[in-house]
Structures are given as structure tokens and as C-alpha cells.
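So the sequence lines, in the order shown, correspond to chains A and B. Read in order, the letters of the first sequence correspond to residues 5 to 184 in this note's numbering. Read in order, the letters of the second sequence correspond to residues 11 to 169 in this note's numbering.
Derived by calculation from the structure, the hints in this document are not laboratory data. We put the beta carbon where it would ideally sit given N, CA and C, even for glycine. Mixed in with the good hints there might be a few duds.
[As the list claims (entries may be wrong)] In silico DSS-like cross-links for lysine-lysine, where the CA-CA straight-line distance does not exceed 27 angstroms:
id, chain 1, residue 1, chain 2, residue 2
1, A, K79, A, K42
2, B, K139, A, K113
3, A, K48, A, K13
4, A, K113, B, K144
5, A, K48, B, K41
6, A, K175, B, K139
7, A, K13, B, K41
8, A, K42, A, K13
9, A, K175, A, K79
10, A, K79, B, K41
11, B, K41, A, K175
[What the hints assert, rightly or not] Residues of chain B clear of chain A, computed beta-carbon distances all greater than 12 angstroms:
id, residue
12, A18
13, K34
14, S73
15, E79
16, L86
17, I87
18, L110
19, M127
20, M136
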Amino acid sequence: MNKLKAIVKRYRLFLLFLAVNLLLLLFAPEYGAAAFKKAGSNLKEMLSILPPIFILLGLMDVWLKRETMMRLMGKGSGIKGAALAFLLGSAAAGPLYAAFPVAAIMLKKGATLFNMFLFIGAWSTTKIPLLLFEASNLGIPYTLLRLAFNLVGIVLIAFLLERSLTEEDRKAVAEQAQKN
Amino acid sequence: MFTYILYALAIGGLILSFIKDRQKTKAALMKALRSFENILPQLLAVLLLVGMALSILDEATISRLLGKESGIIGMLIAAVLGAVTLIPGFVAFPLAASLLDAGAGYGQITMFVSTLMMVGIVTLPMESKFFGKKAALRRNAFAMIYACAAAFLMGGILS
Numbered sequence: 005m006n007k008l009k010a011i012v013k014r015y016r017l018f019l020l021f022l023a024v025n026l027l028l029l030l031f032a033p034e035y036g037a038a039a040f041k042k043a044g045s046n047l048k049e050m051l052s053i054l055p056p057i058f059i060l061l062g063l064m065d066v067w068l069k070r071e072t073m074m075r076l077m078g079k080g081s082g083i084k085g086a087a088l089a090f091l092l093g094s095a096a097a098g099p100l101y102a103a104f105p106v107a108a109i110m111l112k113k114g115a116t117l118f119n120m121f122l123f124i125g126a127w128s129t130t131k132i133p134l135l136l137f138e139a140s141n142l143g144i145p146y147t148l149l150r151l152a153f154n155l156v157g158i159v160l161i162a163f164l165l166e167r168s169l170t171e172e173d174r175k176a177v178a179e180q181a182q183k184n
Numbered sequence: 011m012f013t014y015i016l017y018a019l020a021i022g023g024l025i026l027s028f029i030k031d032r033q034k035t036k037a038a039l040m041k042a043l044r045s046f047e048n049i050l051p052q053l054l055a056v057l058l059l060v061g062m063a064l065s066i067l068d069e070a071t072i073s074r075l076l077g078k079e080s081g082i083i084g085m086l087i088a089a090v091l092g093a094v095t096l097i098p099g100f101v102a103f104p105l106a107a108s109l110l111d112a113g114a115g116y117g118q119i120t121m122f123v124s125t126l127m128m129v130g131i132v133t134l135p136m137e138s139k140f141f142g143k144k145a146a147l148r149r150n151a152f153a154m155i156y157a158c159a160a161a162f163l164m165g166g167i168l169s
């Protein structure tokens, strides 16, 4: 019973929209049918492309050792550390807010602020499975162009963030990260 | 074609992983399943919402709100939508593709996608908890500025 309740709660938005769509079908059959048809064809497309993406995502998650990588992104790690931070963020899975705790641990274990912000930027926009998905939805030219801008943007944001924070701010960030 | 490459990569990866370590492969598959189930409620909800929205709003309305000619107002609508909502990328890209098909502009769509991914108003309190308010606010502000730049550039190049 509790399990059912939990499922209903998780899917409440879906159930709500489903009810609205059914009402639409009842009172404005033309719109309701078109809506269901559109949702159905989108769902079919989604289900054909999502399985391999999620399998790749799972494989990356299992085979990438986070602790080792974190060690490699501290002070003096230079371009290599930055590249690693970027790759690690790109290989991750999950929404941006899932990156915050990981980034905090990185900082705690000695990664530089710059690398941490690179990691967050990469996590937010250049995740590999998501890029594949973007390309399949919006086309390869669009995806590559946006990726090119993103690479510049992420580095720029990380650089400006690190520069704009004073020594005190940085200490505060580190302390805040320690708490978690 | 693209889908076949994906399947080939996934199957190849699975075989390689299975040869190296069965246990880990099982864990990876479980993780894959779990992350899929994780986005399923939002995915289904958004698919229905998009279906309804696109059946009710005709192309003329969408291109008026988010089309090339919607200009700054369209950009603003896209930015607010992106910054405030929490839609996973796996849901956002099909949505963006549908909107493009329905007449939205590339600039507006890029604005929506970029703010969605980098700017999080709803998660700002959480971000502040990890990095402090100042750093969190600044990151979101910079990300917003960047999203605007990317949107105008992409809109200009692709139109």
C-alpha cells in the first residue's frame, strides 16, 4: 500500500496531465487525440534511443574511479588537471544539483577552485551521453556549434569565478565545502 | 544511423565490461535501469504536456512567443523558463526539437537549453550550502550572461 502511494506520489504530475489529456479527449476530441498521438510518437522515439545511452552511462559510472581522479586535480596539476576535471564532469550522470556534493568533495580533497568550476561547468553542459542525445534530437551541426561555444564559455566562467573571488571568499568557499 | 552507433557502442562496452568484471557489469546495468526509472516520471509528464501544448498552441502562436521574430521578449521568456524549471536534458532536448519544428527560433531555443543546464534558481539555496552564497550567486550570474551570449551568437549563425 505504501509502495503504491510512493509510486502515485512520484508520478503525480504525469497522472495529473494524463487526467487533463483524457478530459481534453472527452470534451475536445480533436485536440485530445492529437495530443496523445504526439506524446505517443515522441515516447516511441525516446524509447528507441534511451537504452544504449543509459547503459553507457551506467558503465562510465562503474568504471571511473572518482577518488583517484580527484587526487589528480589539485594545485600544480596544470592543464592535465583541468582536462581531467573537464572529462570527469563530462562523464558524469545526473542533474546539476547532483554535482554540488561531488564538487564539494573534490575541493575538500584538494582540487583547485578553477578545476572545480570547470567540473561543474562540464557536468552542466558537456555530459557525453547528453551530447549524443542532443545530436540525435537537434542535429549534429547544432550540437557541435553549441559545444564549441560551451567549451569557451565554461573555461571563461571558471576563470572569471576564480579571479573574482577574493582570498577571503575562497577560504569561505573551502570552509563551506568542508562542512558537507 | 546514429542510433545504431549508439547501440554498437553500448553493446561493445557491455561485452568488454563483462569480460573484465561480471559484478561491475551487473552494477552498471542496475545503475542504468535506476537512472532511467529516475527520469521516467518527469519524462512521461513532459511528453504529455508537450503533446497537449503543441496540439492546442498552433505554430503561429509558438513562433510569436519564441520564434525568430520574437526577439528580446522571446529570449526573455526562454531565459525565465530555463532558469526556473528543473527539466533533465533527456527531456529538454526532445522538447527543444519539438519547439523548433513548431517554429521557435534557434536563439530562443539555445537560450532555453543553456539556462536550463547552467542556471538554477530553484537549486540556488542548495548550491549556496555547498559553496557559500557569494560563489553560488556569482556562478549563476556568469552562467546567465554566458547563456545570453551563446543564444545571440547561435541565433545569429543558424538563422
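Any Cβ of chain A at or closer than 12 angstroms to B/M136, or is the non-interface label fine? violated (6 angstroms)
Taking the shortest Cβ-to-Cβ distance between B/I87 and chain A, state whether it exceeds 12 angstroms. Holds, because the least Cβ-Cβ distance between B/I87 and chain A comes to about 19 angstroms, which exceeds 12 angstroms.
Holds or violated: A/K175 and A/K79, Cα atoms, limit 27 angstroms. Roughly 15 angstroms separates the two Cα atoms, so the pair holds.
Given the hint that A/K79 pairs with B/K41, test it: the Cα-Cα distance must not exceed 27 angstroms. violated (33 angstroms)
A/K48 and B/K41 were given as a pair; does the straight-line alpha-carbon distance stay at or below 27 angstroms? holds (22 angstroms)
Is A/K48 within 27 angstroms of A/K13, Cα to Cα? holds (25 angstroms)
What's the verdict on A/K113 and B/K144, does the C-alpha distance respect the 27 angstroms limit or exceed it? With a Cα-Cα distance of about 22 angstroms, the restraint between A/K113 and B/K144 holds, given a limit of 27 angstroms.
Does the alpha-carbon distance linking A/K79 and A/K42 stay inside the 27 angstroms limit? Given pair A/K79, A/K42 is violated - Cα atoms ~52 angstroms apart, limit 27 angstroms.
Since B/S73 was said not to touch the interface, does its Cβ keep a gap of more than 12 angstroms from each Cβ of chain A? holds (17 angstroms)
Are the Cα positions of B/K139 and A/K113 separated by 27 angstroms at most? Given that 27 angstroms is the threshold and the Cα spacing comes to 18 angstroms, the pair holds.
Does B/A18 sit more than 12 angstroms from chain A, CB to CB? violated (8 angstroms)
Using Cβ atoms and 12 angstroms as the threshold, tell me whether B/M127 really stays out of contact range of chain A. violated (5 angstroms)
The earlier numbered hints that this structure contradicts are 1, 10, 11, 12, 13, 18, 19, 20.
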